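Chemist: Read off the chains here:
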Amino acid sequence: MFSILRTLWTVFLHAFRRRETVQYPEERPYLAPRWRGRIILSRDPDGGERCVACHLCSVVCPVACIALQATEDKHGRRYPEWFRINFSRCIFCGLCEEACPTYAIQLTPDFEMGEFVRKNLVYEKEDLLISGVGKYPGYNFYRVAGLAIKGKDKGEAENEQPPVDVRSLMP
Amino acid sequence: MSNIITILVIPLAIWLAVLSLAAGLIWGERRLLALFQDRYGPNRCGPLGLGQSVADVVKLFFKEDWVPPFAEKPVFVLAPAIVVVTTLMGFVVVAMAPGIVIADLNVGLLFFLAVSSLGVYSIVLAGWSSNNKYSLVGAMRAAAQMVSYEVFMGLALMGVVLMAGSFNLADIVEAQRRLWFCVPQAVGLVIFLIAGLAETRRIPFDLPEAEGELVAGYHAEYSGMKFAMFFVGEYFGLTLISALAVTLFFGGWLGPGLPALAWFILKTLLLIAFFILVRGSLPRFRYDQLMALGWKVCLPLALVNLAVTGALVLAFPG
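Same order as they appear, the protein sequences are chains A and B.
Position one of the first sequence corresponds to residue 1 (this note's numbering), numbered consecutively onward.
Position one of the second sequence corresponds to residue 1 (this note's numbering), numbered consecutively onward.
I should point out that these hints are in silico values taken from the structure, not numbers from a laboratory.
Quantities reported herein were computed from a predicted structural model and do not represent experimental measurements.
Treat the hints loosely; a few may be bogus.
Which stretches of chain A does chain B cover? Using the computed rule of at least three CB atoms under 8 angstroms from a CB of chain B, they are [what the hints assert, rightly or not]: (1) 5-11; (2) 18-26.
From the derived model, a few chain B residues whose C-beta atoms are all more than 12 angstroms from chain A [what the hints assert, rightly or not]: (3) A23; (4) V54; (5) D56; (6) K63; (7) F76; (8) P98; (9) I100; (10) A103; (11) L118; (12) M158; (13) M225; (14) L266; (15) W295; (16) A315.
Ideal Cβ positions, reconstructed from N, Cα and C, are used throughout, including at glycine.
Kindly produce the complete structure, drawing on both the sequences and the hints.
Modeler: Now the structure itself:
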């Protein structure tokens with residue numbers, strides 16, 4: 001009997017505690033920057049697209065919801081001609097963000113993506129590409145990679161030495 | 001003339017008050033339970049969530065009123081009505097303030113006990129007419145529970161009657177002018193509250209009707225307004241037990257300052273809140289635990305209480 005009375009007293013004391021409910025949509029819960037929400041494609045600090053259409057994200061995706069087509073611009077820089085993510089299949093695991101070598105594809109703390117028609121959940125490149133750098137400011141893949149594109153020849157990246165001219169090694 | 005007004009107005013007023021309290025309890029119980037559970041209850045539908053009662057009632061009205069083809073139709077339709085009728089009949093004897101009572105019967109308490117016994121019929125008929133094994137088992141369990149707990153509900157109240165010297169509820173309240181009966185009859189109060197919970201099938205004694213048990217038990221086949229009758233009948237019963245406990249143990253309308261009716265309503269609401277606290281705190285009794293508690297603990301306690309009270313009343317008259 002006394003345990004019952006003690007239970008009643010304990011539950012009664014809960015009436016004087018602060019309530020834990022977050023009154024959505026007036027209040028929003030706090031989401032950390034690494035919270036895995038809506039996927040975006042970011043740009044580098046110079047304004048160009050980061051995505052080099054390497055297909056690593058679509059290969060690692062466990063539910064095969066990413067599809068893209070690679071193409072090259074006139075300066076030899078690879079980029080996706082079209083990039084499609086089917087959010088009705090996406091499980092927001094973040095493996096694509098981990099696989100991306102250029103920090104292009106990122107998951108953001110946004111979850112308000114509700115739609116009434118299922119085909120509106122298939123996001124094309126214009127829905128995914130943002131004008132900013134996303135979560136990783138100051139990273140430009142082409143400045144640290146050895147690839148040659150217009151404006152940067154082989155050997156002109158940061159911390160890179162120019163390639164050795166093999167003909168100058170001959171005795 | 002004033003007699004006619006009294007005969008018409010008071011029953012109508014009491015009936016409307018009880019009905020609005022039951023509808024308000026749809027909202028109130030959920031909000032109170034939420035308060036005890038560190039969350040908000042319904043607070044979106046209408047101001048403060050009060051529209052929830054209206055929304056629930058409208059929903060129940062619009063539900064398909066289906067009688068199973070294998071059920072026995074006249075009894076099936078009658079059973080929920082019996083719940084509501086017997087509980088409302090119990091309100092006839094409750095004295096809310098000096099003069100505000102529908103029927104000032106000399107055997108008021110006995111009438112209440114008799115009427116609550118009739119409530120068992122509704123459960124048994126509901127389970128039987130559903131023509132469904134699970135409903136039947138639920139109804140049999142409910143009937144056994146209610147009948148067992150009625151035995152010592154009456155016995156616990158006899159202590160109060162011994163001390164007050166009358167079955168008339170108004171006299172019992174008057175007899176508490178010096179000291180409320182909750183002090184000398186504390187054991188009786190506890191037994192009455194336990195028995196009251198079991199009679200109205202409230203948690204922790206709601207095994208017959210809980211959603212997860214036996215597919216909602218005896219009211220599994222009910223939908224729409226008939227289900228609403230059971231649902232609201234439970235709130236009627238809760239209010240009746242609270243009102244009676246207030247009348248018999250907590251001094252009825254007695255109290256300094258506020259008008260008599262205000263005290264009665266305040267005390268009844270506090271006791272209803274206590275019952276909702278019990279609902280939010282305790283796990284459900286298993287059927288054998290329930291019956292063991294009734295027959296092996298509460299009944300002997302009620303008998304001992306009655307014997308001691310009788311001895312003391314004889315030894316110290318007045």
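Chemist: All the hints need checking, so say for each whether the structure fits it.
Modeler: To see whether the hints hold, each was checked on the structure:
With 4 residues having a Cβ less than 8 angstroms from any Cβ of chain B, the region 5-11 of chain A passes the three-residue criterion, so the hint holds. A count of 5 residues in the region 18-26 of chain A with a Cβ less than 8 angstroms from any Cβ of chain B is obtained; the coverage claim is therefore met, three being the minimum. Against the 12 angstroms criterion, A23 of chain B stays outside the reach of chain A, whose nearest CB is about 23 angstroms from its own CB. Chain A leaves V54 of chain B outside its interface by the beta-carbon criterion, the shortest separation being 22 angstroms against a cut-off of 12 angstroms.
Listed as outside the interface, D56 of chain B is consistent with that label: its C-beta sits roughly 21 angstroms from the nearest C-beta of chain A, beyond the 12 angstroms cut-off. Here K63 of chain B stays apart from chain A, with its beta-carbon at least about 27 angstroms from theirs, past the 12 angstroms limit. Even its closest Cβ contact with chain A, about 37 angstroms, leaves F76 of chain B beyond 12 angstroms, as expected for a residue assigned away from the interface. With 12 angstroms as the threshold on Cβ separation, the claim that P98 of chain B sits away from chain A holds: the shortest Cβ distance comes to roughly 33 angstroms.
Non-interface status of I100 of chain B relative to chain A is upheld: no Cβ of that chain comes within 12 angstroms, the nearest being about 32 angstroms off. Remark: the non-interface label on A103 of chain B is consistent with the geometry, its nearest Cβ contact in chain A lying 35 angstroms away (cut-off 12 angstroms). With a cut of 12 angstroms on Cβ distances, L118 of chain B stays outside the contact zone with chain A, its closest approach being about 30 angstroms. For M158 of chain B, the condition that its CB be more than 12 angstroms from all CB atoms of chain A holds, with the nearest at approximately 22 angstroms.
With a closest Cβ-Cβ approach of about 33 angstroms to chain A, M225 of chain B is found to remain outside the 12 angstroms limit, as its non-interface label requires. For L266 of chain B, the non-interface assignment is confirmed: its Cβ lies about 18 angstroms from the closest Cβ of chain A, beyond the 12 angstroms cut-off. No beta-carbon of chain A comes within 12 angstroms of the beta-carbon of W295 of chain B; the shortest separation is about 17 angstroms. Once the 12 angstroms rule is applied to beta carbons, A315 of chain B is consistent with being away from chain A; the minimum gap is 29 angstroms.
Hint compliance for this structure: no hint is broken.
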